[in-house]
Structures are given as C-alpha cells and as structure tokens.
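Novice: Assemble the complex: chain G is given as a structure, and chain L must be docked to it using the hints.
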Amino acid sequence: MTAAAEGTPAFGMTRARRNALLQSESVQGFALISPTFVYALILLVLPILVVLAHSFWTQHYLDIDHTFTLENYRIALTEPIYRDLLWRSLYISLTVSFFTVILAYPIAYFISFHGGRHKSLWLFLITIPFWTSYLLRVMSWKVILGYNGVLNSGLMGLGIIDEPSTALLYNSSAVIITLTHAWAAFAILPIFVSLEKVDRTLVEAATDLGDGPLRSFLRVTLPLSAPGVISAALIVMIPTVGDYVTPKLVGGKDGVMIANAIQAQFGKASNWPLGAALSVTTMLVVSLMAGATVLIIRALQRLAR
Amino acid sequence: MTAMRRLFAGGWLTAYAFLYIVFLYLPVIFLPIFSINTAPTPKFPLTGYTLKWYEDLPKTPALLDAAWNSLIVGVSASVLATLLGILAARSITRYRYPGRRTINGLIMAPLVLPEIILAISMLLVMLQLGLSLSLFTVVLGHVLICIPYSMTVLTAGFEGFDRSLEEASADLGESAFGTFRRVTLPMVAPAIISSLLVCFTISLDEFVIAFFLTGTETTLPIYIWGQLRFAAKLPGVLALGTLLLVASFVLMTVAEVLRRRAARRTQNEGGLYA
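Protein chains in written order, with the numbering used here: chain G, 1 to 305; chain L, 1 to 274.
In case anyone wonders, no lab produced these hints; they're calculated from the structure. Take these hints with a grain of salt, some might be off.
[Unchecked claim] Cβ pair distances, simulated, as ranges: (1) G:A53 / L:R101: 24 to 34 Å; (2) G:L303 / L:L165: 48 to 58 Å; (3) G:L218 / L:T60: 51 to 61 Å; (4) L:G130 / G:L218: 58 to 68 Å; (5) L:T50 / G:A167: 28 to 38 Å.
[What the hints assert, rightly or not] Straight-line alpha carbon distances no greater than 20 Å define the calculated PhoX-like cross-link-like pairs of lysine-lysine that follow: (6) L:K52 / L:K233; (7) L:K233 / L:K59; (8) G:K248 / L:K233; (9) L:K59 / G:K142; (10) G:K142 / G:K253.
[Claimed, not checked] Stretch-level coverage of chain G by chain L, calculated; a stretch enters the list once three of its residues show a Cβ under 8 Å from a Cβ in chain L: (11) 29-36; (12) 44-54; (13) 82-90; (14) 253-264; (15) 274-283.
Values in this document were obtained by computation on a predicted structure and should not be read as measured data. Built from N, CA and C at the ideal position, the CB exists for glycine as well.
For reference, chain G alone in the conformation it holds in the complex (with noise of 0.2 Å):
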C-alpha cells in the first residue's frame, strides 16, 4: 500500500537476484495471506457456488433431483408472489440508498469542510449508534411506532389525534424509515472520505473565478465527490434488498420482503433448491440496479462539468 512497504532492494544487484527477491516476497505475502483467503474461499465462494448449484436443481420431498432445471427460475420470475417480493424489495432498497445518501450527503460535506479539529468526534459520534445492535434498532422503531407507541402516545398527549394511527407501523414506509435509519452511518462515510480528497484549492479557483458557492459546490465539490455518492449509494442498497429482521418487525403483511421468502423457503416450506433460486435471483437484479445507478450517477457526473 505504501512506497515503504516495497522495500528498497540495494543498488547493484543483479536483476536475477532482484526477481529472485521479488519472487521470495511474492511467495511470502501470499503464504501469509493464504490461511485467511482459504478461509473466504470454503465459507464464502463454495458456499456460493452450492447455492447457485442448488438453484438448478429440484427438491423431492427429502432428496434433491441433481437434473439440471430452470424452473426455479421460472418460478422465481413469475410467479406473482415472487415478483411483487422483488420489486418490492428492490424499490424499497432504491428508495432507502436515495434518502440515506441525499440525508447525508449535508452530514459529510459539513464535517468534512467545517469540522474543524473535531473531525473525528464528529464521525465518532455517527458511528457510534450504528455499532448497537441492528435488532434492538429495529425493536426501538417497533416501540416509536406501535399502536401503543411513543408516536402515537406522543400525538395523543399533546391533542393532535384523538385516537392511536394505525397507519405507522406495518408497512413499507415503517420499513424505509428503519432502515433509512439504520444504514445512515454507511452513507456518511463514504462520502466523506471522497469530500476529504477534494482538492480544497480548485474550490478556492472556482469561487476567485466568479462562481458563487452554490454554483462553485454544484461543479467543483459535487462531480469530485462523485465516487463516494456512488459507494455510499452501492453500500446501502445491496445490502438491504435482503434485509430480513425489519420487514419481519416492522413491515407487517404490506412491508414483507424477498429475504421472508428466502427463509421460508428454508424453513417451513423446505424447498432449497427454490430458496437458491430467488437469493441468485436477487442478487443478479440487485446487482443490475447498482449498475444502472453509478451509470447514472456517472452521467450527471459529466453532466455538471
């Protein structure tokens, strides 16, 4: 990673000594490395390859069929059920990675440009809830919500309802809204290590130039800190289009999403090869979505300029 950590091979050595060395060095990094990329080999790619293995399979009753089979798949993609999951689950991590990264873009930009010495009390501050407990958040939105909740207590108590809304908990803004929260800490971080690489001088150019700050902020700052929007925007969303524990507490009959299904199909309904099927399927659309979203980002990018 950094110039110190190549070495400095002596003046004078033989370029075979050298690739000799080079050689040694490269078989030492890797030795060293490789207990812990085997590791992430047997626990993350077989696991994967199982999966997407499973996925063309069927299940008879206790066995699997190893016949090769797209039907999963067709299931997967047609089946009503499953479809409106996917979109659903889709839209909302869409619409969660949007407000996050639009949330916190203001958060980064001000710590990164007027954070002063404090800095990092600053992003030790909102990184500090994000390290509880991801259950107990979503349990604490539970509570806020509830049809006994603070919320509706709250309303209650100062006279703007008469009786408690039903209409907080259950659906699929509960679920925007707990993860909006949840994932804020994600968003931030990356974007402000892209606002901290902005070369703080072209700001200083633009604005010497006549560009007001608005104007200077909109083609200088914003198209440079591009790549992290399009991190903070990739770090929320795949992540929580299978997001399994907020839909189930939050998200009631209107809120479930792909991942209940997924888990179903693990659990009760037993059927592996269809619970492979949709997890592939998620992550190929999931991963389509991303795509689309840093082209986009990349367009308006060369668009401001």
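Specialist: Frame of chain G, contents of chain L only:
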C-alpha cells in the same frame, strides 16, 4: 460578503448536523427510558421509575444461558477473526504480489453482501458437509463477517509502520520471531486489541447469521427475537437491550481510543473510516 455567506451556510449545516445526531440517537434512547418505566407498555406519559425489569433479568435461566453462549461465541469469533485479520493485514500492507487486490476484495466482500445470502449459503454448505448446527457453526459464520472489520482496523494500524525498525532489529541479530514479538507486536498491539473489541461487539450484536446457523442454543439476539413475540415480555427485553447497548457503547469507545493511539504511534490517520 462571501465570508458572511459561508458562515451562514455553515450555520444551517451545523443546525442540520445537530438535528441529524438527534435523529440517529433518539430511537435508541427510548429503550433505556422505557426500561426504567413502571408501565409494561412503552408509551407516554411515563408512569414512574423502577428497576424491577432489571432485577428480573438474572432470575431467567434461559437468558443467562444465552448470555453465556454469546460470550463464548464472541470471544472465539473475535480471537479467530483477529488472528486471520493479522495475517491478511500484514500480508497486504507489507508484501506485493500478483492477485493481492483480488484476494483483498474477496476477503472484504462479506461487508457488502446481504446477510441473508451469506447465512443461507453457509447453511447449505454446512448441512451438506454434515456439520450439525451448533454454537461452533455460529462462530464460523461470525468469523467470516468479522474479518473485514478486523482487516480495516489492522491495515490502518500496520500501514505507515516504519519497516526500518524491523530491519534494524534483524540487523542487530534478532530472529524473525523475536523481531515480531519485540518490535512489531508492541507497535501494533493497540490495533490488535481494537480489532478484538470491534469483532466481539459485532458478534455480540449479530442476529441473522446466528439465527440461521445455530442449532438449539441461543445467543442474546436470538433470545431477544424469541421474546419479542410476547408483548408482556417487552419491558424485560428493553432492559436487556439497554444493557447490550451500554456494552456495545463502552466496547466501541475503548476500541476507538485504542485505534487512535495506534494511528498516532504509526503516525497515520484514517482507519475505520477509510
């Protein structure tokens, strides 16, 4: 004029930043508030102060079992993940070899994949391999998701590490292991402890992977999940949740302090956020 306008913009931003912090913390703060409230349902107005929900906690054997299991899983997962993280971070920061970036990307991938996908794919492999689901399989899963965090903390600690110190030690006759123990380790110790704490916190709070990969044993989040079905159990869950929140908060604060110390030692900023 511009300066004034800038200050004005900064003022709005500051206000927004404070509001945002409130948005981040407010939901979490309701857990401790209602955990010391006498009414069994979490609603306003508050009815009175009590510690009875906390007093009931140690009287629940299932909860104590879950806490013990969480401790075992957390310690095992954080030690294993940190060991694997040390090897990988050392390799990434010190050596250059083909495929380094790809391998690094693969090791970091669990960070950006949906947990449900990780959980069901590991579940399938474990069942195929004939492993019976237990706390051991939960540890295996937690190690996988902890390694990326451990790597982030440790690469920041190892980077910018002055290699000439190690060379000097070797030149002065210290063996490779001796150099590692007497020069490298003391320099990176804060980063290692920070990694252990971060991994322990993640494992302690992790639900989805534990839920899928455990057999009959429960960890604390799984125990909480089970209790959520019963409205009457909510105050106890809130009390337990509050304790978990405090534990995470303390662990992460210590980890952050250590991480900063590590960064100062190797004169390198960035770290967890980079």
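Novice: Now, for every hint given, state plainly whether the structure supports it.
Specialist: Status of each hint after checking the structure:
Distance hint check for A53 (chain G) and R101 (chain L): the Cβ-Cβ separation is about 28 Å, which falls inside the suggested range of 24 to 34 Å. Between L303 (chain G) and L165 (chain L) the beta carbon distance is about 50 Å. The supplied range of 48 to 58 Å therefore holds. In this structure the hint that L218 (chain G) and T60 (chain L) lie 51 to 61 Å apart at CB holds, the actual value being about 57 Å. In this structure the hint that G130 (chain L) and L218 (chain G) lie 58 to 68 Å apart at CB holds, the actual value being about 59 Å.
Between T50 (chain L) and A167 (chain G) the beta carbons are some 32 Å apart, a value that agrees with the proposed interval 28 to 38 Å. With a C-alpha separation of about 13 Å, the suggested pair K52 (chain L) and K233 (chain L) falls inside the 20 Å cut-off, and the hint holds. With a C-alpha separation of about 14 Å, the suggested pair K233 (chain L) and K59 (chain L) falls inside the 20 Å cut-off, and the hint holds. A threshold of 20 Å between alpha carbons decides the hint, and for K248 (chain G) with K233 (chain L) the separation of about 18 Å falls inside it, so the pair holds.
Between K59 (chain L) and K142 (chain G) the CA atoms are separated by roughly 26 Å; this puts the pair beyond 20 Å, and the hint is violated. Simply put, K142 (chain G) and K253 (chain G) have alpha-carbon atoms about 15 Å apart, close enough for the 20 Å limit, and the pair holds. Interface restraint, the stretch 29-36 of chain G with chain L: holds (6 residues with C-beta to C-beta distance below 8 Å; minimum three). Note: the stretch 44-54 of chain G has 8 residues with beta-carbon separation from chain L under 8 Å; the three-residue rule is met and the coverage holds.
Only residues whose beta carbon comes within less than 8 Å of a beta carbon in chain L count, and the stretch 82-90 of chain G has 0; fewer than three means the coverage is violated. Only residues whose beta carbon comes within less than 8 Å of a beta carbon in chain L count, and the stretch 253-264 of chain G has 3; three or more means the coverage holds. Counting residues of the stretch 274-283 of chain G whose C-beta sits closer than 8 Å to any C-beta of chain L gives 5, which meets the bar of three, so the coverage hint holds.
In this structure, the hints that do not hold are numbers 9 and 13, in rising order.
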